[in-house]
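S.K.: The chain contents come next:
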Amino acid sequence: MTSNPNSSNPTTAKNVKTVSGITVRLAGDSGDGMQLLGTQLTNTSALAGNDVATFPDFPAEIRAPRGTRAGVSGFQVQFASEEIFTPGDQLDALVVMNPAAMVTNLGDLRKGGILIANVDGFNEKEFKLAKLESDPLEANVIEETYRIFKVPMTTLTRTAVAEHGLSQKVADRCKNFFAMGLVYWLFGRSLDTTLRFIEDKFGRKPDIAAANVAALRAGWAYGETTEAFGESFQVEAAATLESGTYRNMMGNQALAWGLVTAAHLSGKDLFYGTYPITPASDILHELSKYKNFGVKTLQAEDEIAAVCATIGAAFGGTMAVTASSGPGIALKAEGMGLGMILELPMIVINVQRGGPSTGLPTKTEQSDLLQCMFGRNGEAPLPILAPRSPADCFDIAIEAWRIATECMCPVMLLSDGYIANGSEPWRIPDLGSMPKITINHPAGTDLDEPFLPYARDEFLARPWAIPGTPGLMHRVGGLEKQDGTGNVSYDPANHQHMTNTRAAKIDRIAERIPEQDVFGETSGDVLVVSWGGTYGACHTAVKRCRDAGHQVSHAHLRYIHPMPNNIGDLLQSFKTVIVPELNMGQLRMLLRSKYLVDCVGVNKVQGKPFAVTELVDAIEARVTPQASSKGKAAVQSRAG
Amino acid sequence: MTLPVLKAADFASDQDVRWCPGCGDYSILAQMKKVLPDLGVPREKIVFISGIGCSSRFPYYMNTYGMHSIHGRAPTFATGLKSTRPDLMVWVITGDGDALSIGGNHFIHALRRNIDVNIVLFNNRIYGLTKGQYSPTSSEGQITKSTPMGSIDHPLNPLSLALAAEGTFVARSIDAHVKHLGEMLKRAAEHKGTSLVEVYQNCNVFNDGAMAYAQEKKQRAENVVELEHGKPLIFGTNSDKGVRLVGNRLEVVNVADVAVDDLLIHDEKEPNPAIQMMLARMRYPEMPEPIGVLRSVEGVATYNDQINEQVQRAKETKGPGDLQELFTRGDTWEVA
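Residue numbers (our numbering), protein chains in the order written: chain A, 386 to 1025; chain B, 149 to 484.
Chain A with its partners taken away, still in its complex shape (with noise of 0.2 Å):
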């Protein structure tokens, strides 16, 4: 193992075959380094120019009991030459570490491909923990179906990290490194981010650096220098992004990254109350980073401490955000009717995750749309925004803080686990040229004149007086009020004024909103209507149906609650209309109590994001028979 591939991009003497995009996924132990193989892969392909997309999927235990179903944690990639809106379906490759990881995955690799086995992890007590007879690498069947390459890991990065003089337990713990060298040859990666990221995380253990060092380029030389591998590929450098500067982003930390931006813009410092929760909980790691930035995080004694910790901020004039994920917001329900009848500004969101209560706590879904939309007492409607994707969040984050501040009121977010872990390529903007947000707040009198606290501008907001003004001292509170003087009305016409002012309040943002947009025609055939973290796999599979020659369009929505003033008029305009969710069909009861347009429903509880196919195949089901001939063969093709 002389080789050296040192370089930014390693050549190869064997037979190297460009595709377009490649779909992997890598699977082990939870604590085999999983994560943190992919994370490296996809910031690498990033980096190499591709588009990406990933999809982290790990149980909830924290270290579920290794070598058995349970514990595989996983973590799936799709990088790729031309642009992409989904971490892929089927896989073109996947590297398992045990059986456990194999026999929970395979079912995804399609034919023909990549199989990629740590032998050293196939052995009697490994076959009895994932609670198989004898060894699935052995099943002739599979010899049959996919390409597989039997490596055994854990002996060679024994040998390749012997000089280190490391125990054999921490040696061993190095094989993550073996099997990332080997992909990374398989798919003509440059080991340079991963060797700038070994030298940054054990630079302080000099020892275990070199030995991460000695692994990663053993498994690289593995593939270069080995019989087994007849060719490598490589994915060339996406053409179709826009230009600029661009680096790969998290959800969860693009919605950190949007909530400090739009500080900034509105010249505020940043108060984030909150609870930990899975998954949003990074979302509090990345905002207590930047204190600097004049950003204070409460770690609050619960949920409701944190939403209302967040609604005193929001009083005293800062920018307040609580956020937290089902059955915490569930818990924060009472504060956000006292958030939406203080008619205070501030953001709450809500990353989703399996229900109900605790549910599937690591795994995604979109269940909380209807509990957000009408999850407190009385009436107390809110606006409802959703990210579509993880770059999104960072928009969508300064969006709501623009609608929170011009109408007065909180606005939730709805994220869910699949964006908030998932990572795309971000185009860096250029701080100067965002928008500002401009707040005023009311200016002090030295007149002791009677301050109208609900006194309503033309978007019926009310003024955000902050205490420490002198003149407008005013007392806020949940009884209901009189508008204007904000004083406690117990009267029944009032109580309805009110009602009726604030529901008109939040259905007025749909004049400051942009009007829907289509891809495809704005009426015919099929019309898909997604929310929130499906949109790559709707987007895609429209796509790939209206390649295959079928007249569907595809409709996002960014603004849920209120929605755009045109999607009535758009829903009417189509001869079905598909809604695919990650739940029982929640925005398909919006959309039909309130256009009264009979959608389709595509729905799926599973704890996992749709497959294309599976939409492809929904779609197909429902489009108009004489277009569909041509197509369905043709869509076959691209699947298969």
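Source of the hints: derived by calculation from the structure; they are not laboratory data. Among the hints, erroneous ones may be present.
As the list claims (entries may be wrong) - Straight-line Cα separation of at most 27 Å, DSS-like style, residue types lysine-lysine; simulated pairs: (1) B:K463 <-> A:K653; (2) B:K193 <-> B:K182; (3) A:K821 <-> B:K463; (4) A:K513 <-> A:K554; (5) A:K586 <-> B:K466; (6) B:K193 <-> A:K653; (7) A:K653 <-> B:K182; (8) A:K674 <-> B:K463.
Unchecked claim - Cβ-to-Cβ under 10 Å is the rule here; a few derived chain A residues that face chain B: (9) K586; (10) K590; (11) A622; (12) K676; (13) A694; (14) A698; (15) R812; (16) G853; (17) P855; (18) V861; (19) G862.
Said to hold, decoys possible - Computed footprint of chain B on chain A, listed as stretches where at least three residues anywhere in the stretch have a Cβ under 8 Å from a Cβ of chain B: (20) 650-659; (21) 864-878; (22) 903-914.
Using N, Cα and C, we set each Cβ at its ideal position, and we do this for glycine too.
Following the hints, complete the assembly by docking chain B onto the known chain A.
M.R.: Coordinates of chain B only, in the frame set by chain A:
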């Protein structure tokens, strides 16, 4: 800068006060209005935050900034406000049900964070607003609308709880003892850190006379001991009784029977709250109940100071945040 001289009346809002006639809340409101002008804080810098309950209507009656929030959560709103606006003086107005039942968790955490707010806990040992159910401070065996056979809950002692949560200022007063009450509110306002003033407050509709032993002037001298820092614990109509520490418990003695040095000298500044905790646990009728400042410990960092200091320190060490630099830090690539 000279501040305009304000009077109690300047702190009254234009809203009619709507507590039951004879309610102890009136006296607390009056004392608050009387004390605030002396503190030299302009009205616009003062915020009252309350939860739910009779006491929690309080902010509506003050011509300051105010928020009537949700049940039990007033300390959390105050925490968010004070963390972001340390320039404001923040009062939390709460009751025994609000602070100790639904809000017990937040009460503890405000105290242990030592957020610089003043909590005034109106304790009438009953649920007034919901019309007469027992509260966390109701006596065992108390017959109420929801406990026809008597309450079987053991009552919670707010002062013990506050001391256990490492409260840095813990005091008690009585609605009818107006001068003392005013003094306690003033001391609370001056304390840096969370201050708790428990106020025995009579609910003349649902629990009339529950604390008459302490409220009525005639009985008070025999049943209450007024704590003063550095002074011995002496009480009784004729100042003839005292409290002394014997081993690890307190006992009542006749002053005449002991040497003056034998009586317990109150030390509100002692950081170890052991003896303060013993005082908090003195209960009528076995012992006189303490009023006054049980504990006042200065120099403990406040949450609001620390959260702001961290921001300041981060700005000094890392420089003020530069977003464009943050965006481009690390691995980026160009697309032509």
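S.K.: If a hint holds in the structure, say so; if it does not, say that too.
M.R.: Each hint, compared with the structure:
1. B:K463 <-> A:K653: holds (16 Å)
2. B:K193 <-> B:K182: This hinted pair holds, its Cα atoms lying about 17 Å apart.
3. A:K821 <-> B:K463: holds (23 Å)
4. A:K513 <-> A:K554: Distance of about 22 Å is within 27 Å: holds.
5. A:K586 <-> B:K466: OK: K586 of chain A and K466 of chain B at ~20 Å, within 27 Å.
6. B:K193 <-> A:K653: Between K193 of chain B and K653 of chain A the Cα gap is close to 20 Å, so the pair holds against 27 Å.
7. A:K653 <-> B:K182: violated (36 Å)
8. A:K674 <-> B:K463: holds (12 Å)
9. K586: Violated. Min distance 13 Å.
10. K590: violated (21 Å)
11. A622: Status holds, d = 8 Å.
12. K676: holds (4 Å)
13. A694: For A694 of chain A, the interface hint holds, since the closest Cβ of chain B sits about 3 Å away, which is under 10 Å.
14. A698: Check passed: Cβ of A698 of chain A comes within 4 Å of chain B, closer than 10 Å.
15. R812: holds (8 Å)
16. G853: holds (6 Å)
17. P855: OK, holds: P855 of chain A within 10 Å of chain B, min 5 Å.
18. V861: holds (6 Å)
19. G862: holds (3 Å)
20. 650-659: The restraint on the segment 650-659 of chain A holds, since 3 of its residues have a Cβ under 8 Å from chain B and three suffice.
21. 864-878: Held - the segment 864-878 of chain A has 3 residues with a Cβ nearer than 8 Å to chain B, which meets the minimum of three.
22. 903-914: violated (count 0)
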